[in-house]
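Chains A, B and C, in that order, are what the protein sequence lines are.
Count along the first sequence from 1, add 1080, and you get the number used in this note's numbering.
Count along the second sequence from 1, add 179, and you get the number used in this note's numbering.
Count along the third sequence from 1, add 2, and you get the number used in this note's numbering.
Treat the hints as calculated values from the structure; they're not laboratory data.
Be careful, since some hints might not be right.
Only part of the chain B face toward chain A is listed, based on derived beta-carbon distances under 10 Å [as the list claims (entries may be wrong)]: (1) Asp-362; (2) Ile-392; (3) Phe-398; (4) Gly-440; (5) Tyr-443; (6) Ile-586; (7) Ala-590; (8) Val-634.
Simulated DEER-style distance windows between Cβ atoms [claimed, not checked]: (9) Asp-1099/A <-> Pro-583/B: 50 to 58 Å; (10) Pro-617/B <-> Asp-1099/A: 16 to 24 Å; (11) Gln-577/B <-> His-154/C: 39 to 47 Å; (12) Glu-1123/A <-> Tyr-168/C: 37 to 45 Å; (13) Lys-1293/A <-> Glu-605/B: 54 to 62 Å; (14) Tyr-168/C <-> Ile-1320/A: 50 to 58 Å.
Computed cross-link-like contacts, DSS-like style, restricted to lysine-lysine with a CA-CA straight-line distance of at most 25 Å [stated by the list, open to error]: (15) Lys-412/B <-> Lys-1198/A; (16) Lys-558/B <-> Lys-625/B; (17) Lys-376/B <-> Lys-301/B; (18) Lys-304/B <-> Lys-335/B; (19) Lys-301/B <-> Lys-420/B; (20) Lys-1092/A <-> Lys-1198/A; (21) Lys-1216/A <-> Lys-149/C; (22) Lys-339/B <-> Lys-355/B; (23) Lys-1198/A <-> Lys-420/B.
Values in this document were obtained by computation on a predicted structure and should not be read as measured data.
Note that beta-carbon positions come from the ideal geometry of N, C-alpha and C, so glycine has one too.
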Amino acid sequence: MSIATVKKAPLKPKDYKSDVSVVWCPGCGHYGILNAIYRALSEAGVDPSQLISISGIGCSSRSPYFINSYKMHTLHGRAGAVATGAQLARPDLAILVLGGDGDGFSIGGGHMPHMARKNVDMTYVLFDNGIYGLTKGQYSPTSRPEMKAYTTPYGGPEEPMNPLLYMLTYGATYVAQAFAGKPGVCAELIKGGLEHRGFSYINIYSQCPSFNKIDTIEFYRDLVEAVPKDHDVTDLGAAINLARQSSEGRAPMGLLYKADRPTLDQRMHAMVEGVNGSPDYDLNQIIDLNRP
Amino acid sequence: MEKKDLVIRIAGEGGEGVISTGDFIAAACARAGQEVYTFKTFPAEIKGGYAMYQVRTSLDPLFNQGDTFDILCAFNGEAYEVNRHRLVPGTAFVYDYPAGDFEPEIPDGVIAYPIPMSQTAKDMKSYRSKNMVALGALSALFNINEKTLIEVLVDKFKSKGPENLSFNLEAFHKGKELAAALDKKDLWRVADPVPAKDVLIISGNDAVGLGAILGGIRFYSAYPITPATEIAKFVAVHIPKVMGTLIQAEDEIASISQVLGASYAGKRAMTATSGPGLSLMGEMLGMASMSETPVLVVDVQRGGPGTGMPTKHEQSDLFLAIHGSHGDAPRIVMAVEDVGDCIHMTVEALNLAEYYQCPVILLSDGSLAFSTQTVPAPKPGAIKIVERKRWDGTGEYQRYQASPDGISPMADPGTPQGMHVATGLEHGPAGAPNHSPPNHEAMHRKRFGKLKTVVDFVAPTQVDGEGQADVGIIAWGSTIGVVREAVVRLREEGIKVKGFYPKLMYPMPVVHYEAFAATCNKILVPEVNFQGQLSHFIRAETSIVPISMTICGGVPFTPIQIMNKVREIL
Amino acid sequence: MDADLSFLELVGLDFSGLAMTGANVSGSHVRGCVFAGCDLSGLYVQESDLTACDFRGSVLEEAFFQKTALEGSLFQGVDLRWARFLLCDVRRGRFVDANMEGVHFMDAQLDGAHFEGATLSGAVLRGSSLTGVRFVNCDLRGVDFRKTNFHHADYASILAEGALFYGKPPWGGGVAAGGAAEMVIFDGE
Ligand SMILES: Cc1ncc(C[n+]2csc(CCOP(=O)(O)OP(=O)(O)O)c2C)c(N)n1
Ligand code: SF4
Ligand SMILES: [Mg+2]
C-alpha cells in the first residue's frame, strides 16, 4: 500500500472499531492482536475508507468485521488471493489481510509463496495459535507434536512448519514476529508493515485457551526473545539464522527482515506505461489487427 | 441442390505449415469478399503429429464447418491414411508425389493431383517452403484468388525481410506452375472475387479476448488450460493499453479469488478456463453469489470428466455451470453459438455480471476456440457498456438493503462513508452475519428474485421458422450452427422443421421454450455430451418431453447427422 | 503512553497520577496497587493478577481486561465506558456511581459486587455470575443479561427498558421480546 498515497486521518484507535461486537472466547489472544491493529491503524493514520481488510475463515478471520474499513470476509484459505486481486485493482488503497495459521498455511498454502514472491503490496497479519480454533481444536501446520487434540488423541504425527523461514525463503520483503501478550510490539510491527511498500508478513503468536492447552500465554512469553539490537534487518542471512532459532525453542520477536524490491503493481504499471496505456486508447487499433 | 460453398482440408505433420497454409487461404478468401468458417485440430503431441485445417468458404453466410471436405490436400502419408475413408467420388485430392513418403491408392471417381511438394522444396534447398508449393498448387487448381493471396503473403512475410518474402513467393509460383501443367478434371472452384466486406477474421478464443477488451475489462486473472489459454494471450497483449492488468495466478482458485477481489475493488474483472478450472472455482462462485459480487468466467468446454479429452470438442459443462457450487447459488449462464457471439456475448456477459451483481458463466467450446470465422467488424462506438449500480453517497449506506428489483447499490472502496463488508456468511441488510430462518429466506428471495428480469435484458430466444412444424429442434452452443444448416436443407426436402436457439441457458427462458414447443409435434435436442444435459434441464423446468440426441466422440455434429435423425423420428 | 508493564512483579506499588494510556499489563502480578488519578484509557490487561487494586479517580475508558483477577478492586466513580472484562474475576468489586456505559463483562464472576448508582446502559453481562450483586439505583437500560443468573441480584429503583434476557425479569413485568435475534452470532464458519 501505499500508505504514502492513502489519505491520512487523525483518528484514535477506537475510531477503527466497527459496531459489530467482538465474539471470541474470553482469554483468546486474538483480542490483543485486534487491539494492536486498531493502534497501528491509528498511528499510521489510515483513513478507514482507504483501507480494505480481507480475511478467510477462522476465529481470527472474523477480525475484519470488527474493523471500521472496507472489508471482505471470504472463503477458508483464499484471503490472500482475493487481496491480490483487490490490490492490483486499486493499488492506491491500503490492504490488510488477517487470518489464522490453518487458513494461511494449510488450506491457503498454495497462495502464500506467490504473494511473497510477487511482492504484492499488502500487510498480512497471521494469528498463529497453533490450532484450528473455529472448528474446535484440530492440529494445524504450526502445532507442536506434543499437542493432543481433536484428531491427534495420541499427539501429533508431524513436525510444525516455520512461518518466518518460509516467508524469508519465498521473498517476502518485510518479515516480523510478535506475540499477542505484547500488543504494543504487535502494533509497532503492524504499523511498520502498513508503511512498508511491498509484501509485509507479521506472524503473531496468540494463545487459544479453549483448545490449545499447551501453547499458553506463559509458554509464548518464555518462547519469544527480542531480536538483538544490532541485528541488521537488511541482511537476509542473519534474518534466516534468527528465524531458524524457532525450532530450537527460542522465537525471535521484532522485525527480522526488510527489503526494497519493486512491487507487483509497480511492475504492472510499468507495462501500462510501456505501451502508452490510456483510458482513451482507440479500440479500433486493436480491432484492425484482426482484419484478414 | 447446387452447392455454393467449398470445403478445403489441408492435413499433414504439425510444424510443416499446415496451419499457416489454412490461415493464408482463409484470409485470401475473406479479402476476396467471401465468408469463411474454419476448423482445425492440433496434434495432441506438443511438437509434430497430425494437424488438420479445414477452410469452408462461400459468398453466403456460413454456420458450421460442413459435413465433409470437397478437396483434400495431404502433406504426408499419415494425412492420407487418416482421411482416406472420406475420399468419396467427386473429391479432389492433392498430395505430395512423387518423392513424398507415400503412394496412395486413388479410389474410383476421386480426382487426383500429385504435386511434388517435398521434392520442389528440396530442390530449393528449403524444407520450409513445402507448404508454399502446396499453396501455389491449390490456388491454381481451385481459383483461390491469386491477387489477394499474394497480398496476404506479402503482409505476412514483409517483416521478415525481402529475401524471405521473395523466396516464399518463388515457391508459391513453382507450385502454381506444377499445378497448371496438370489437367483440371473436377468442378471445384472458389467463386470469383467480389468487393470485400468490413470483416474480421478471428478465432473464438481471440474473439472472447476482443470482447473482453471492448466490454471494458480492467482486470483479468489467468491460469493456462487447453483449450482456453489463447484468450489470456490476447488479453495480455492488449489490456495494458487500456490501463488494465492481466496476472497469471497460481491456480484457478486463485484466479477466481483475484477476480472477486478486483471486482469488489470496483473494476470489471474476468477469467477464462475450461471444465477442470471451473470445477475448482465452484466454492468461490458461491461466494460471489452470496456476496453479490460481479464476476465473469468464460468456460471453453472440453471433453471430460477428469482430465478427459483436453483438445476435443464437447458441450458437457452445462450441469456444472448452472449448479456447480454448494447451496442455492444463483448465477447467469450463457452459451455462444459462433465466433461473432464470442465478441458480443462477452461484452453482454460483463454487462450482466455488473448489472445483476452475480457470477456469469459464458460457455464456449473446443471447436469454436480454434475456429476462425469472418465476422462483421465491431464498432466500438456502438458497444453498450452497462455499469454496476453505485451508491450515490446520500443517507446511511447498507450494502444489502432490500430494493424492489433486488439489486442494491455497491460502493467502491475509497468512497467516504461507504464502508461495508462483502461476506460469504449469510447476512442482514448491513452485512452483519444473520442466520435467522426468515432472513435466510428473504435473502434467497433477493438473490434469486433479481434474476427474474435477465430474460428481458438479453435478446429474445431466436426461433427459426414459422407456423406449425413436425419437428422442432432445440440446440445450444456451436451445435446451433449445424442445426441452422440442417433446417434449411430439410426444408428444401419439404420437411416441416423449426429451430429454437437459446443463448441464455440459466435462468431458463421457460416461456419461450413452452411457446416454441406448442408449435411443434416433436422436440429434438441434439447436444455433444453423454447425458443429454440440456434435455435434463428442459424436463426439469418445462412441460416439454424432448427426444434427446447425444454424441460424444470429441467432434461436433455435422448437418447430415441431424438431418438423418429428423427423418428417422418424423 | 503505551508503557509495557507485562510479565513483571509489581505488587503493592503506587502509580498515582501517571498517564498510562494504552499500557500493557499482561501476565504481571499487580496485587494491591494504587492507580489514583491515572489515565488508564485503552489499558490492556491479559492474565494478570490485579486483586484488590484501587482505581478510584482514574479513567479506564475502553480498557481491556481478560482472564484477570480483580477481586475486591475499587472502581467507585471511575469512567469505565466501553471497557471490557472478559472472563475476569471481579467478585466483590466496587463500582458505585461509576460510568459504565457499554461495558462488557462477558463470562465474568461478579458475585457480591456493588454497582449502586452506576450507569450501565448498553452493557453486556452475558454469561456472568451475579449472585448477590447490588444494582440498586442503576441505569440498566439495554443491558444484556442473557445467560446470567440475574435472578439472584438486587434491583431496587432501577431503569431497565430494553434490557435483554430470557423469561421474566426479577424486577417484575413480562417476558422480554426477541432477545436472541439481536445477537450477532457467528457459528462455526
Ligand atoms: C473449504 C472449507 N473447509 C473447511 C472449513 C472449516 N474451517 C473453518 S475455520 C477452519 C480452521 C481455522 O483455523 P485457523 O485458520 O488457524 O484460525 P483460528 O480459528 O485458529 O483463528 C476450518 C477447517 C471451511 N470453512 N471451509
Ligand atoms: S476457539 Fe480459540 S482461537 Fe477461537 S476464539 Fe476461542 S480461544 Fe480464540
Ligand atoms: Mg489457528
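With chain A as the partner, please determine if Gly-440/B meets the hint condition of a C-beta pair closer than 10 Å.
3 Å, holds
Does Ile-586/B pass the interface check with chain A, least Cβ-Cβ distance below 10 Å?
Violated: closest Cβ of chain A sits about 20 Å from Ile-586/B, beyond 10 Å.
Satisfaction of hint between Lys-625/B and Lys-558/B, Cα-Cα up to 25 Å:
36 Å, violated
Holds or violated: is the Cβ of Ala-590/B closer than 10 Å to a Cβ in chain A?
8 Å, holds
Does the structure keep Lys-339/B and Lys-355/B at a Cα separation of 25 Å or less?
23 Å, holds
Given Phe-398/B as an interface hint, is the shortest Cβ-Cβ distance to chain A below 10 Å?
Phe-398/B check passes; min Cβ-Cβ to chain A is 5 Å, inside 10 Å.
Between Tyr-168/C and Ile-1320/A, does the beta-carbon spacing fit 50 to 58 Å?
56 Å, holds
For the hint on Ile-392/B, just tell me whether its beta-carbon gets within less than 10 Å of chain A.
Interface hint status for Ile-392/B: holds (6 Å vs cutoff 10 Å).
Between Lys-1216/A and Lys-149/C, is the straight-line Cα distance small enough, at 25 Å or below?
21 Å, holds
Is the distance from the Cβ of Gln-577/B to the Cβ of His-154/C consistent with 39 to 47 Å?
40 Å, holds
Assess, step by step, whether the Cα of Lys-376/B is no farther than 25 Å from the Cα of Lys-301/B, and give holds or violated.
Distance of about 39 Å is beyond 25 Å: violated.
Check the following: the C-beta atoms of Glu-1123/A and Tyr-168/C are separated by a distance inside 37 to 45 Å.
Once the Cβ atoms are compared, 42 Å apart, the range 37 to 45 Å for Tyr-168/C and Glu-1123/A holds.
Checked against the numbered hints above, the structure breaks hints 1, 6, 8, 9, 13, 16, 17, 19, 20 and satisfies the rest.
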